[in-house]
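A.B. asks: Sequence:
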Amino acid sequence: MHLNSALISSFLLASVSLAGRPRSQRQNLVQKLANTSSDGVVYNNGFAGPVWQLDNGTFCSVIGTVTIPKVSGQTNSSVTIAVGIDGMACPGSSAILQAGVDAIVTSNGTDYKVWFESDSYNGTDSSLTISASDHIQLTVQAWDEHSGFATITNLNTGQHASRQLQSREPLCRQKAYCGVETMWTADSLSMFPFPSFGAVTFTDAVATSTSDQHYGPQGATMIYGIELNGTVVTSVTCLDDNSVTIKYV
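With mature numbering (1 follows the signal peptide of the UniProt record, and there is no 0) applied, the sequence shown corresponds to residues -19 to -1, 1 to 230, in that order.
In case anyone wonders, no lab produced these hints; they're calculated from the structure. C-beta atoms are modelled at their ideal positions from N, C-alpha and C, and glycine is treated no differently. There's no promise every hint is true.
Across the chosen pairs, the derived CB separations fall in these ranges [what the hints assert, rightly or not]: (1) V213 <-> T87: 23 to 31 Å; (2) D193 <-> S53: 15 to 23 Å; (3) S169 <-> D106: 20 to 28 Å; (4) S177 <-> H116: 30 to 38 Å.
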């Protein structure tokens, strides 16, 4: 990909500032740029994975376990692995609860950073070390319309990072999801190069409702895939009702 000097500067600035995780609002990208293909997959430039959508107030948690992939690409190539509630719901609102792991290609290898996000907070947590091949469990809970809790656990080391999240705007608790995302500069205008990540498989992937009903990948309302510059770059396969694989293609 040819990058002009201004764009390179934007990439470098954003990578330096990742402690505050300046990123675009992925939920808007998914809503505005989605196209449904003949196989039923909804393609967009921001997210790949299963999405569960039910009535307002339905979801109280989403959980998934992944093995962190080895990532390769040009410097500043970036991909993130995430689970979350809302962010693609609540029309006209930025309400979201989300947690994940960023993989950022640098000149010295790949940096992996854990992060938490709501409409009032978006930052990393350096207390938890993540490496390729680590087995990671991601959990997001919505306690009510304005608060929740997220935990990321490194199952290899037993260490974890957690954060209570507050939402300024009321959560709809209408959608839950797990998957991979592209990453964008702070002004939401430029996407970081998208790296090769092999495959990410979520196991024990489940969204839970306030009535204690459980929804697995095969019961997802929609399956999203990522398409960049007219080229499909991910495939999504529901292996069973507990597991889903997102591959770089």
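A.B. asks: All hints are to be evaluated individually against the structure, with a verdict given for each.
C.D. replies: Now for the hints, and whether the structure bears them out:
no.	hint	in the structure
1	V213 <-> T87: 23 to 31 Å	holds (27 Å)
2	D193 <-> S53: 15 to 23 Å	violated (42 Å)
3	S169 <-> D106: 20 to 28 Å	holds (23 Å)
4	S177 <-> H116: 30 to 38 Å	violated (21 Å)
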